[in-house]
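Chains as they are written, first to last, in my numbering: chain A, 1 to 442; chain B, 1 to 313; chain C, 1 to 283.
Hints in this document: simulated from the structure, not taken from any laboratory.
What you are looking at is a predicted structure, and each value in this text was computed from that prediction instead of being measured.
Some hints could be false.
Part of the chain A face toward chain C, derived, beta carbon under 8 Å [unchecked claim]:
1) E78
2) Q94
3) E125
A virtual CB, placed ideally from N, CA and C, is assigned to each residue, including glycine.
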Amino acid sequence: MPRIHRRKLLQLSGAGAIAARTGGMAAILATSRAPAIAQTATVHWLRWNDFVPASDVYLKQQVIPAAEKALGIKLNIETINGNDLQARTTSAIQSGSGPDVICGLNNWPQLYAESVADVEDVVNEIGKAQGGFYDESKAVANNGKKWLGVPWCVLGAQIVYRKSWLAEAGATKFPETWDEYRALGKKLKAAGRPVGQTLGHTFGDAPTFTYPLMWSYGGKEVEADGKTVVINSKGTVDSVKFMTAFWKEAHDEGGLAWDDTNNNRAFLAGTISSTLNGASIYLLAKSKPETYLDEKGKPMHLDMAHSPLPKGPAGQYGYHLPMTNMLMGYSKNQKAAKDFLRWMTSKDVYQGWFNSQGGYSVGATTIWEKDPLWDKDPVMLPFRAAARAGRFPGYAGPAGRQAAEGLSKYLVTDMYAKAVQGMPAEESVKWAEGEFRAIYRA
Amino acid sequence: MAVTSYPVSEAYAGGPRRGAFTRLLEDERWLALVLLLPTTLLLAIFIAYPFEKGIELSVTDSKVGVPGVFVGLSNFVALMDDSIFRTAVWNTFYYTIVTTIFKLALGLWLALLLNRHFRGKAVTRAFVLLPFIIPTVLSTFAWKWMFDPTFSVINWTLFRVGLIHGRINWLSDPDLAMVSVIIVNIWRGVPFYAISLLAGLQTINPELQEAAAIDGARPWQRFWHVTWPLLLPVTMVVVLFSIIQTFADFQLVYVLTSGGPANSTQLFATYAYQIGVGTGLLSQGAAISLAMFPILLIVVIVQLLYIRRVETH
Amino acid sequence: MIEGARWRRWVYFYIPLAVFVFVLLFPFYWMMVTTVRPDNELYRPWMAPNYTPFWTLHPTLEHIKFLLGETLFSTWMLNTLLISIAATIISLFCGLLAGYALSRLKFPFAGGLGTGIFITYLVPQTLLFIPLADIIRSFKLGDTPWALILTYPTFLIPFCTWLLMGYFKAIPKELEECARIDGATRWRAMIYIIFPIAVPGILSAGIFAFTLSWNEFIYALVFLSSPAEKTVPVGVTSELIRGDVFFWGPLMAGALLGSIPVAMIYSFFVEYYVAGLTGSVKG
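Next comes chain A alone, as it looks inside the complex (with noise of 0.2 Å):
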């Protein structure tokens, strides 16, 4: 029976199948021969495991039903831990085989550009249908000769904190500048209240504190020509030197071997009143206002605002994680996983997960920023437009593949990392400055 089952579904699932509904089962009994589409075709889709678990929830639980529904495929998702995802497509292109859609973070399809299938139409109908995609989008899944992959979304980063213990240190509103921020923090950290970040080998709050404080102070790793490294000038070594005392007065020391998560566990359990994250913390509190309770007993996250980064001398800016599905160049079933693409990325299929994720991450493409959503929580407000003001690293020269290298091998943080632990701040520049002219010579 399941057999038949199927091969209706597909029978009616079919480009003009309308018409041949009538006359297809019996016919393929007649003929005893099977139809074109002898199997469903199976769509691998590997995710980082989202720091939203709501979503990833949504995705095995409606979408999944839905694309059988919609597509005939039978979609298979996975998630592992977003650390692993560039070891895991290293190994899947070397062994030939493995997920047929990658979700790649930052600009890590960069590094795949020759094992990535061409997704332009895709694209294209995606951008021309939904208002354009995001410069910091654009800069990551294209490499100036052909579309890597179908951007997927944008992850916010703000900071969150602590709305009465900021006030009780004296802050009616969050920092504007770093200066300030230093102040501030100092403070709060005599207080038993130190500021979080992490500074260890992390694909997300990494980066996306390290690289906008580069920024904030004038400092960049390449020049707009792509090859010449400008790392190592005064206004990175300003900042290295800001960081170095930032940390020692305002944050908790253990930062140094944080991951994505710890910041988060260390926010919910009150040991640090402000930290650079996505909307997670937030949002999880809010999803469990029973279990996350502040000193007083009243749920934490009526205490909880979001802010972006501080200025700078420079400026202020803000990197937020972009990311990209990758359509892989020794999938067997790339008809199949193109069709998915383009049907996941559409208005009406995307709506459900954007809603899931409930403003942690923007769409890919602009109209998202219209979305219902944003109106129902002013908390979440500062996320809406975050995607407009990013840069991303590579800056100023193109978001290619060897910024995605000195990303990769965490330069600049170890650069802050290394002076935070006592290294002159010059040295350490000049460390980082060694290793990218070693990247950008290649």
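For chain A, the structure is supplied; the task is to place chains B and C on it using the hints.
Same frame as chain A, but now just chains B and C:
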């Protein structure tokens, strides 16, 4: 007839008829060939050939999905300049040497303790090997949880006992991270040393010890002059195995620190993995792994020569 | 020998032994406690009051249920079991034959081959896995258990060979020669006379090989990708470390349950395991 001569072939006269193949196998050399064939085949396909391919990789500039071109030794030259690589080399040596010394000392001590007779000896001996049995990854996770910056049970205990006032950042302070990794490695390795050395101890004739005692030797002297020399061969083999394993260690550091705060616990294997598989720079990763091999070879040769010298003593 | 007063016995023997046993076993106890501790107790910071880390008054099975229900843990266990058994059988087969040849037969290059097998043990896995990935791909074994079943013997065979060589060396040559005079071929003498005597060695080698297979991580990490194909170490590492949701409970449950098969086999065959360890060291 006084003597009947039985030529050798007659001994087989009553036996079953033998085919050509069976007769072939009578020859030691052919039998050896057949017996060694499966092993040789497997090792040739899955070690020798990839090893040679790995060497090839390290002299090209391949990246993931991009077969590279021959570049000679430039990967290795670049490694000399790479400060992270130098850190990894230093870390690996430090890690191996420190853990081996401690594992030997503590393992020996435990072996001496277990060598005595007491109630529950067999059970204790069995339990003591557990850290070595349980998959490294799983037990390392338990340690990672014990070292957690916010929820560490070790910190809690030390705090309650009054030994510390602030928090110990086991995994976030670069020096402490190395200490933590070393602690877990020692924890895992001591049982292996202990049980192996125990077996060695049990082959030593107790009468030798007694004779020395009668002669008036103190316990420490007895150990140093009687037990230790006899234990040396076993010790050397254990140390050899352990050094090979520890030098190429991957799982422990990968799970606990992934190379540690700013590369302070980065080892050869973890760095090779991060560069080769993580960033997709396959050739550079291969070069890092290959750099491990000659050092291992030298260490092993030195130890083997030493063992041979001890054995011929 | 600790002569003299009782207190000396305590200081030099019982206390150090107790400390050793405690330190060696505490992490397992911790695993067990965390597995049954409910979430709200798990995540209290270490300085919070009323913190009772060493025991819990509200044990719960929710982590184990989550592990078995929401993840593919049972599949991973099955995979690891099958792979370990298959790899052990292959390695034992090869090791048995090779060990016999190297220890009891005379032929040219015997020493060289023995050393060669030893050298393969030195080749680091991090060097091999990328070329191996290519080979696996050409044989179309990617993402199947066979990728591991065929590659694990590369480090298991040297071990089994040495171990069994040690056992074989201890068997007197006369046994074989008697058999041959009685009319047996070398082959039959080997299989029917020598191998049965070496059964303890075979058991030891087998158990040791099984444990090593269960413990392997890096090849499994690189060659397997689908969640349904993973082994326990890889599955626990990659699927239970999630984003911001607190998963230490299931992680420890996974660590605990994942260790049980090995611990059980070990507990039934302790003698053989120890003999295997010491045999390989002495041999």
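Against the structure, the hints:
1. E78: With a minimum Cβ separation of about 5 Å from chain C (threshold 8 Å), the hint on E78 of chain A holds.
2. Q94: holds, 4 Å
3. E125: Nearest chain C Cβ about 29 Å off; hint violated.
Checked against the numbered hints above, the structure violates only hint 3.
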